[in-house]
Amino acid sequence: MLILQGKAKVHKEDHMACVFFYFSHCDANQPSVAKLWAALLEQLIQQIDTYDNIAPGLHSRFYQSLAGDFVYPTAYASLFHQQASMFKTVYVVIDALDLCAEYCDDATTQTISQTFAELPQNVRVLFSCSNSFQAKNFGAQQNIQVRPNPADVEAYVRSRVGHSVKLQHLQQDNQEMESLVKTIVDQTRESEMFIVAKMHLDRLEACSSPASVRNIHNIPLNLSEIFELSCQKIKSSAPADISLAKHVFTWVIYARDDITIDHVLQSFAVSTRVHRQYQELYPDLESLLRVCDNLVTLDNQESTLRLIHESVRVCISRNGLLAKQPDSEVARTCLECLLSKDTSDVNNRLFSYSATFWALHLQSVNIPDCKELEDLAMKFLCNTAQLNKTLNFIRQKDHERSFDGMTGLHAAAYFDLPQWVQGLVRSSIRINSSCSDGETALHWAVSYGRLNVVRQLLEHCADPNIGDSTKETPLHKLSTGPPGTRFEIAEALINRGAKVTIRNNKGFSPVSLAIRFGPTSIASLFISSQKDVNTEFESGWSFLREVFYHGHGVAESLDHDKKSPGSMARHRAVKRHLDCLVDLLLDMGVTLDQPTSDGWLPVIHASKHGSVLMLRKLLEYQPNSNLVNKRKTHNGKSPLRWALEYERWNTAQILVHHGANVNEVNKDGWNPLIHVTKSNQYEMVHFLVQKEALVNSTDNDGLSALSHAVSNRNKDISWLLIMKGALVNIPAQNSLSNIEKALQDKDLSIAWLLCMHHADLEQTDDKGMTLLHRASREGSLRNVTFLLDRGMTIGTADHEGLTPLHHAVLRQSKEVVELLTSRNTGSRFLDRPDKNGCTALVLATRKINITIVQILLRHGSSCELKDRKGMTAIHYAASLGFREALQAFIPRVKDINLTDNMNNTAIHHGVLGGRANIVRFLAERKADLEVLNAEGCSALILAVLKDNPETVRELVRVGANIYTIGRNGCSAMDFAEHQGNYKSRRVLMEALQPG
1 MLILQGKAKV HKEDHMACVF FYFSHCDANQ PSVAKLWAAL LEQLIQQIDT
51 YDNIAPGLHS RFYQSLAGDF VYPTAYASLF HQQASMFKTV YVVIDALDLC
101 AEYCDDATTQ TISQTFAELP QNVRVLFSCS NSFQAKNFGA QQNIQVRPNP
151 ADVEAYVRSR VGHSVKLQHL QQDNQEMESL VKTIVDQTRE SEMFIVAKMH
201 LDRLEACSSP ASVRNIHNIP LNLSEIFELS CQKIKSSAPA DISLAKHVFT
251 WVIYARDDIT IDHVLQSFAV STRVHRQYQE LYPDLESLLR VCDNLVTLDN
301 QESTLRLIHE SVRVCISRNG LLAKQPDSEV ARTCLECLLS KDTSDVNNRL
351 FSYSATFWAL HLQSVNIPDC KELEDLAMKF LCNTAQLNKT LNFIRQKDHE
401 RSFDGMTGLH AAAYFDLPQW VQGLVRSSIR INSSCSDGET ALHWAVSYGR
451 LNVVRQLLEH CADPNIGDST KETPLHKLST GPPGTRFEIA EALINRGAKV
501 TIRNNKGFSP VSLAIRFGPT SIASLFISSQ KDVNTEFESG WSFLREVFYH
551 GHGVAESLDH DKKSPGSMAR HRAVKRHLDC LVDLLLDMGV TLDQPTSDGW
601 LPVIHASKHG SVLMLRKLLE YQPNSNLVNK RKTHNGKSPL RWALEYERWN
651 TAQILVHHGA NVNEVNKDGW NPLIHVTKSN QYEMVHFLVQ KEALVNSTDN
701 DGLSALSHAV SNRNKDISWL LIMKGALVNI PAQNSLSNIE KALQDKDLSI
751 AWLLCMHHAD LEQTDDKGMT LLHRASREGS LRNVTFLLDR GMTIGTADHE
801 GLTPLHHAVL RQSKEVVELL TSRNTGSRFL DRPDKNGCTA LVLATRKINI
851 TIVQILLRHG SSCELKDRKG MTAIHYAASL GFREALQAFI PRVKDINLTD
901 NMNNTAIHHG VLGGRANIVR FLAERKADLE VLNAEGCSAL ILAVLKDNPE
951 TVRELVRVGA NIYTIGRNGC SAMDFAEHQG NYKSRRVLME ALQPG
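So for the sequence shown, UniProt numbering puts the first residue at 1; every next one is plus one.
You may find that some hints are simply not true.
Straight-line distance between alpha carbons at most 25 Å, and here's what the computed DSS-like set of lysine-lysine pairs gives [unchecked claim]:
| id | residue 1 | residue 2 |
| --- | --- | --- |
| 1 | Lys869 | Lys894 |
| 2 | Lys724 | Lys678 |
| 3 | Lys630 | Lys667 |
| 4 | Lys847 | Lys835 |
| 5 | Lys233 | Lys198 |
| 6 | Lys341 | Lys397 |
| 7 | Lys691 | Lys617 |
| 8 | Lys389 | Lys379 |
| 9 | Lys575 | Lys608 |
| 10 | Lys617 | Lys667 |
| 11 | Lys724 | Lys767 |
| 12 | Lys182 | Lys166 |
| 13 | Lys746 | Lys667 |
| 14 | Lys869 | Lys847 |
| 15 | Lys667 | Lys678 |
| 16 | Lys341 | Lys324 |
| 17 | Lys88 | Lys166 |
| 18 | Lys379 | Lys341 |
| 19 | Lys814 | Lys866 |
Now the in silico label distances, taken between C-beta atoms and shown as ranges [what the hints assert, rightly or not]:
| id | residue 1 | residue 2 | range |
| --- | --- | --- | --- |
| 20 | Phe537 | Glu488 | 21 to 31 Å |
| 21 | Gln232 | Pro31 | 28 to 38 Å |
| 22 | Ser862 | Arg883 | 17 to 27 Å |
| 23 | Asn149 | Lys379 | 50 to 60 Å |
Keep in mind the hints are simulated off the structure, nothing from the lab.
Note that the coordinates shown come from a computational prediction; the quantities given were computed from them, not determined experimentally.
For glycine and all other residues, C-beta sits at the position ideal for the given N, C-alpha and C.
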């Protein structure tokens, strides 16, 4: 214990582990080598900090059990070695190893010495052994011999004498005391066993006469002889003492757990019928030890009774100091305790022991020879109140829920008592009786892995399809039981008509649980038990669907967990599990081309979930069928479509290899080649084209695969499709052409590729616009340059009469205007009017963009061309107050007084625009101020009518005639007076005032 505690302190810091095992003299059958290493492996796993520290080999071996491949006994030592390699150092402590020295497993011929020889270097073994020769066989490199230290023996003797009332007289005679100490020390050293000193002192205390001290030299040194003397002394005691000694020995030796003084006293009271109210008649500890002549001792640390030495049991048995039938006697006492109606029994140590171990003692008894015990056991099993108290006590101790209504059959299942089932049924206990949660004895027997109880219950017509409160049948409980008996239990239930398709409250049936969690052997058994695997046990659900649905759910969850430790081992195990189940279903004639009632098809499921190996298996099972193109409904999706939409590229390739239609037609226009093109899957595009997919097929929008490749700006796919014959000019409704998409995305490399394969650059849209129009309208110098370099016509007009130059001006893109005018082919192009008669220069003027105006003028645009209103660029410039343009225009016009359709000159438009500065500017350049327009208005009359005093003042200042007669024979003054334009009249009156 000190070693274990010391190692535990440094375990976490130094990445060490310490495990232990001890053999007991009490065990008639020592544990096998496999159990030894399994126990050590379990302790090793419990000391792992994180899941990452589990050895890969252990991961792999564990998940192989999903397929029903259980660990062979000889494998546990190897698994321990693998897990030990995950630690820096592993300490293995084994006590009494010599008890297992000669043992070997009959099934494996594996010995403990063989496994020791194979231990890795980082494993350190410390073991105790009573034989030095055996220690060498185990490969011991260091021997530590344990012998009594004389000084320790002397100190022990003096301490015992000093604290013992019965031996105090020895201290009065120093010579006698020293002689006693020397004698005991010498005999203990000679026997090499410390227990000899204790036995001597115990005997002296028992008979503390001077004669006994003198006779100490005559006490034998051999331990067996010492024990024999004690047994003879006990046999010569009073009958009551002999009876008590037998009771103590029987319980100490045959008890299945450590027992205390209370256990012995309470059991003695039960066996001798001493009532609790007479507790003062119970023997005390001293009496117990005395009647046993100290062959039984009290462990002060644990407060438990034990033999003074394990070898004493042989002597006790030989001298008949045990009950004639020990297990029968203990079982009887336990049952009587459990049948007690004293409600305080649950706080009684004996009750706790009896509730836990009565059945183990009962199983060790040949019942036909013990009629009284049989009747007592049956009485207990039929006593509902006491039975429920006992079972609930045990379940609560094991942290399980307590229930009401448990019967003797439940107890037979819990305690593994198959031989009692028949008697309990005959005693009128209903075979299908259930406890408060609805579980029958058969549920319990399956849960606890009681194979023989299961068989007995079924033999007596237990219903294997009864559901508990959660609708779980006994088959549902298989997963909670020990793995060793699961298959045989499942087989027994199936043979008695258990249904594997009944679902619990959570929607899981036994077969779905077996498919999801394994093992494969159980799942295979469930499936094999069905006469027709194509039958739907629930609407839409067949066995193949269960395998695909639940099995692939687990596999898919593992796919998302590939980085976790052991994930690959788990993944392989699950794949093997599913593969085996599908093979079984195929062998049993499962149909693959008939959808379930709700339209489920296995090939579609495999296609959606990307199960490459599974899909290949299904298609190869029916190689010449149209399975690969089978749909749920006539208008449903094909397996290929599901695979591509779920991006299962490998699955899609398998489908195509097995004959999937790469040119399938769908009402919604879906097409395999178009789909993978839209997904930018170059490899799949190449694959489908190689498999003769039609490259010019279009969707419902009239778009081909090439159109989508261009939209995605995917050069590689665009090039591939064009090389395979894709047409670059397929028209599409309500969509841009391929070349226009490329230009819109500013992808000139694709645009160049399209042009090299005869893309139609001159095509127009519903507005009559060409690519050059749109590029100019967008102000895309790059695209305009590209198109011009490919020879597009500059002067083409759209339905509004606008040329690319018009659009560039309206966009106010000076770079594009500069480029287009630089490619000028003459004035016809520069001065081409639009639908409204506007030239590019007029539009530039209206945009008040002097830069573009100057570009156009530099390249020869005319300033005198009129639009439909008869207006020229100079008129618009005057109206807008665009002085910079006027400065550029006037030197280029022959007549500054050009009139529009209303006979308005530039100065009229300046007045109409309220531009006093423009009026002055034009007047300074000799513009005629007295021209009357079509309405008979001079510039001054027009300014008065507009009542714009600034313009009036400016006109008067530059010499406009106040008295010029205009419309209706009126002058400007007349209009000012009669129209009530007081502001203008005031200006005119000021002008008439003498200087």
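- Query: Which numbered hints turn out to be false for this structure?
  - Reply: Structure breaks hints 10, 11, 13, 16 and 17.
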